[in-house]
Amino acid sequence: MTNSATNLRLKLPMACIILEVIIIILFGALVQYDDETDAKLWHKEIANGSSNYDNDFYYRYPSFQDVHVMIFIGFGFLMTFLQRYGFSSVGFNFLIAAFALQWATLMQGFVHGMHGGKIHVGIESMINADFCTGSVLISFGAVLGKTSPVQLLVMSVIEVTLFAVNEFIVLSVLGAKDAGGSMTIHTFGAYFGLMVARVLYRPNLDKSKHKNCSVYHSDLFAMIGTIYLWMFWPSFNSAVTAHGDDQHRTAMNTYYSLAACTLATYGLSAVVAHDGKLDMVHIQNAALAGGVAVGTAGEMMLTPFGSMIVGFLAGTISVLGFKFLSPILEQKLKIQDTCGVHNLHGMPGVLGAIVGAVTAALATKDVYGDGMADVFPDIQSGDVEASFQGIRQAISLAVTLGIALLGGLITGFILKLPIYGAPPDTICFEDGIYWELPGEEGSHEELTTVRTPDEAEKLNA
Amino acid sequence: MTNSATNLRLKLPMACIILEVIIIILFGALVQYDDETDAKLWHKEIANGSSNYDNDFYYRYPSFQDVHVMIFIGFGFLMTFLQRYGFSSVGFNFLIAAFALQWATLMQGFVHGMHGGKIHVGIESMINADFCTGSVLISFGAVLGKTSPVQLLVMSVIEVTLFAVNEFIVLSVLGAKDAGGSMTIHTFGAYFGLMVARVLYRPNLDKSKHKNCSVYHSDLFAMIGTIYLWMFWPSFNSAVTAHGDDQHRTAMNTYYSLAACTLATYGLSAVVAHDGKLDMVHIQNAALAGGVAVGTAGEMMLTPFGSMIVGFLAGTISVLGFKFLSPILEQKLKIQDTCGVHNLHGMPGVLGAIVGAVTAALATKDVYGDGMADVFPDIQSGDVEASFQGIRQAISLAVTLGIALLGGLITGFILKLPIYGAPPDTICFEDGIYWELPGEEGSHEELTTVRTPDEAEKLNA
Amino acid sequence: MTNSATNLRLKLPMACIILEVIIIILFGALVQYDDETDAKLWHKEIANGSSNYDNDFYYRYPSFQDVHVMIFIGFGFLMTFLQRYGFSSVGFNFLIAAFALQWATLMQGFVHGMHGGKIHVGIESMINADFCTGSVLISFGAVLGKTSPVQLLVMSVIEVTLFAVNEFIVLSVLGAKDAGGSMTIHTFGAYFGLMVARVLYRPNLDKSKHKNCSVYHSDLFAMIGTIYLWMFWPSFNSAVTAHGDDQHRTAMNTYYSLAACTLATYGLSAVVAHDGKLDMVHIQNAALAGGVAVGTAGEMMLTPFGSMIVGFLAGTISVLGFKFLSPILEQKLKIQDTCGVHNLHGMPGVLGAIVGAVTAALATKDVYGDGMADVFPDIQSGDVEASFQGIRQAISLAVTLGIALLGGLITGFILKLPIYGAPPDTICFEDGIYWELPGEEGSHEELTTVRTPDEAEKLNA
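Protein chains in written order, with UniProt numbering: chain A, 1 to 461; chain B, 1 to 461; chain C, 1 to 461.
Treat the hints as calculated values from the structure; they're not laboratory data.
Wrong hints could be hidden among the right ones.
Under the rule of at most 16 angstroms between Cα atoms (straight-line distance), these lysine to aspartate or glutamate pairs were calculated in the EDC-like manner [said to hold, decoys possible]:
no.	chain 1	residue 1	chain 2	residue 2
1	A	K40	C	D275
2	C	K323	A	E436
3	B	K44	A	D366
4	B	K11	A	E330
5	A	K44	C	E436
6	A	K44	C	D275
7	A	K11	C	D275
8	C	K44	B	D378
9	B	K40	A	D370
10	C	K40	B	D366
11	A	K40	C	D370
12	A	K40	C	D366
13	B	K323	C	E436
14	A	K323	B	E124
15	B	K40	A	D366
16	C	K40	B	D374
17	A	K44	C	D366
18	B	K40	A	D374
19	C	K44	B	D366
20	C	K40	B	D370
21	C	K44	B	D374
22	B	K209	B	E330
23	B	K365	B	D378
24	A	K209	A	E330
25	B	K44	A	E385
26	C	K11	B	D275
27	B	K44	A	D370
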């Protein structure tokens, strides 16, 4: 099932070890504990009257761990729906996430975290690194099953770098707000990945068509991913918002958006699916769109009412996208989007950006009170009007789309070079190409061998 | 595998969308941020000297997320033990939980959370909504496999409403304590569900008997649910107790009760099961009874010693219930209790209520000190004697049983109307009736096809 | 599949119930709430000016729950990789963990937690009990599939006791630091278990060889365990360190060590495995070695740079151990190490101890500032030089190895008595010996029956 082209004995070790050595050297040269992780500096703060409870660790670590679960279990298992790609789904997700969080620490540090020539790290940099990693994993969803781990590592190197640049432009230059990343994470990751998938278009992918689908148990494994993403999305959106009401409100808005989204998803799925039955693809994906769509506005005074409307719309859009838009993307635009990230992250991300722009434009001192300083510091300080904050948000969406599409285009061509051990069209969506599979060399037939009656007959002829 | 009667193309979307639209309208009219989630109000508190750390979010959000995991992963996967009902177990659990938590926010708000005509929401209302949802999911366990999602939504509408009423009577009118819900959640959910199952009795259910059992992998998926419920039960029982020693003590009492319960469960299972072997049904369920049984007394000064005795008893009762009582319930009382909720939630819930009444009656100022105000404010204030608090607890159990049984009776008859697309007796416990199953339309035989030697022979004849 | 020798109808209930009754009696006689879980005592602290937030519950409960997940889900599912031993892996893990955490509370209390003749319990004792349990589960990994649950309970009784003794010597007598337990948990558990496995050597174990391997889905279940262990290891190492910078820094160092370890693992796995493919055994295990290896030094000022180097080394050593050392251990030293705990916990634990000794020896007031008091109180107080702290750490490793090996030796001989219902060589690694399996008595062939073409042919002859 392998040949020399896809044999990774040299390629993968070289990629992993060279990248890790570079990272370690850069960490040695540039990375320092921040004031809250350094023994000496924190005890200076204590001496100046801080209490240990003021350490940001206690405000953010539970959220961090929830985000961490979303990155490693959520994304990893969500993609195990493919019948013969579970090892790769969880395993490559694990690999590129472990790489990307380190690389993101460096890139985000370079772009907006330098202090006296050093990158300071602590719980907030850890969350931000996980966020950037999430964006890469969204792109991974678009190319799932058609790429080698070496390609994925190369993609991560570029995508993380561009993510940090885009994030800097959106948050620091344009002064937009995007705590849960509707723009910076979801829109960016989705359109970057879709463009990569476009460039890597395989006209003969239907040779692997029979493997590009689920089986009963693989769908159950995928539901582990779905449910964890759903449950912890409130933590994701609130992980880096301001302390107090902001974290509290963001988590709650997200919770309501997701609940409404789920009802919309079930309703719409039964409408559009075959025979009035529910389709697991919708449940696994569209029910999450509500979290994406309040990624920008969740920290604002969106209200539970507003959050539910947004969630309801997001679920609706997402199911309809799976049913009607995905086939068009594939046939007309030649975008083979394995996990349907356009429906889960792309459109809901754009919706979230728009909702954020509108909500920001409507912000008033009367509603936010002194809390304005946390959510819209520039409005509080009088630097901008609310309406202009809305415009900044809208421009940020455009910039994000531009950088994502252009970045994905370039990355796609780089990944097209025939040096990374990509799978041939006939054995995409197949673990056996990169993994030693159990039972292959033993005397036992494998558990999961899918056999048609015809094949069974031949065996017994 | 479907016919027009069970086709949900219109019924399920109508139910989902109408319910969600009603909820959104009611949220728009009635629901507001509370003081801790509202930007303006919280910053007034800050201006008055509060610190961000005083925001209840930091006291309760980690517990909330643990409870959330129990509701969506714990209950969802616990019910995947059925061989061909995994999609429905996780999927319908997801649907009705997402609905019930919204509806519960409204119903609990109406009954005991109105402030100037508005329902105030924050982390505590989120936890309480999840608790109410838990009760519905317990009832779901009794009717698992024999009901359509539309029936389940209708059941949720009624059960959530009655739950809120009962909770109000028990906690506010009668002044009982029930932080972890031995009465309000477990006893209520179990007896409500059992009564529904009684009314929906199917004399010919044995036509689906071959599907009403587990296979090897489905039992492993179910263990995911069991273990998560077991681990996070300390968070469940302590999620809404008073800050400080109360949360701390409740979590610890629950931890010890569950540990002792687990040893009792393994011991008893080997005694009663076939050939001295362990029975997965016991391990998956009875090991959790210790959490149920300290749901009322866990916040009291039950001591680790007392908690262990209660846990040990709960595990024992539960295993014996599965072995000896469930068959009687089914044959004599015509209650087909799919998940055995009577053994996991019913009897241990009643045990927990009794333990709570006794522990309350024994409370003394000498033991509780000033902590009496948190646990038994009415005893502290001198309004009642400890013995009378015990009586209140006992009356609360009786009220809960009454409302649950009567509510379940009425609900059962409503659900019996032949308009909800319930499955026929021959295809209960079968996902295919409501879900598009992978592989059904493709050229591949499905992975999980269970084939007897006879069938295999025919295929190859 | 059973005979009277392995029938546990009397043995397991007796073991479970006698042990639990002893525990309950001892808890009744000896265990008390500590100052932070007792209603009266905590409210005295409140009266003296403490705030509820000072209750250690809020500093440590989220970490506790993460550790709890590692113990019950992490270890439990990691061991489900065996094709026919999933019930036992999760189920016996559950049983012995539930027992060990109770027994550990007593043993650790006797040795270093007595206050006026009573053992005081609270969140820190709960974490320490879970830690001790982790050590037992590591040993369980070495003997997985070859032992009865009664043997495992007996092993737990002894191992927990010796763990507490060793922990007392290392931490209290020798004054070493080992917050994440590189020595006390991992080294101890691994070498104890390996010695037990040595004594229980089965020369004819190859009779069960065909069951001592994974199948596709069992490897996916195992990945649930791996990923949870990986994600929550930062919480494990930081769970009992000092508040503030110490918890924060320890979590972060562990996070970086694991990330670097993962890259090393993937790189090395592709180098050494067959055909340049990745080997699930490495991914499931070696990627975790980075957490083990910073168990001692993680709380020190190891820096992210140092943590990554340690993690990289740990992953490398671990993969090479699986490839080259495990076969030698089995063939030459007659140690049948089912899960390869020597590679995941043994060697990385020793590495962690050495790293801890070196890092301690290099500690300077210039780097730690006033934080020295938290990490190295004896250096801060001037009682010892940093270099001597390093020597203490090294001696602690030697002591740990000695107690583990000797304890394992004695325990092995005790477990060799033919009274515990151990499985015969022919049916090791098989759930059916101790569990009622689904489908065995029904009319359906079991899902997971592994059938060779030959067997299929015979069936159809």
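Do the hints match the structure? See the list:
1. A:K40 / C:D275: Between K40 of chain A and D275 of chain C the Cα gap is close to 50 angstroms, so the pair fails against 16 angstroms, i.e. violated.
2. C:K323 / A:E436: holds, 14 angstroms
3. B:K44 / A:D366: holds, 13 angstroms
4. B:K11 / A:E330: violated, 32 angstroms
5. A:K44 / C:E436: violated, 61 angstroms
6. A:K44 / C:D275: violated, 55 angstroms
7. A:K11 / C:D275: holds, 12 angstroms
8. C:K44 / B:D378: It is violated: about 20 angstroms lies between the C-alpha atoms, which goes past 16 angstroms.
9. B:K40 / A:D370: The given pair, whose Cα atoms are some 6 angstroms apart, holds under the 16 angstroms limit.
10. C:K40 / B:D366: holds, 8 angstroms
11. A:K40 / C:D370: Holds, because 6 angstroms separates the two Cα atoms, which is no more than 16 angstroms.
12. A:K40 / C:D366: At roughly 8 angstroms apart (the allowed maximum being 16 angstroms), D366 of chain C and K40 of chain A satisfy the hint.
13. B:K323 / C:E436: holds, 14 angstroms
14. A:K323 / B:E124: Violated, at roughly 38 angstroms.
15. B:K40 / A:D366: This hinted pair holds, its Cα atoms lying about 8 angstroms apart.
16. C:K40 / B:D374: holds, 11 angstroms
17. A:K44 / C:D366: holds, 13 angstroms
18. B:K40 / A:D374: The given pair, whose Cα atoms are some 11 angstroms apart, holds under the 16 angstroms limit.
19. C:K44 / B:D366: Holds: K44 of chain C and D366 of chain B sit about 13 angstroms apart, inside 16 angstroms.
20. C:K40 / B:D370: holds, 6 angstroms
21. C:K44 / B:D374: Holds. K44 of chain C to D374 of chain B sits at ~14 angstroms (cutoff 16 angstroms).
22. B:K209 / B:E330: holds, 13 angstroms
23. B:K365 / B:D378: holds, 12 angstroms
24. A:K209 / A:E330: OK: K209 of chain A and E330 of chain A at ~13 angstroms, within 16 angstroms.
25. B:K44 / A:E385: violated, 23 angstroms
26. C:K11 / B:D275: Cα-Cα ~12 angstroms, so holds.
27. B:K44 / A:D370: holds, 8 angstroms
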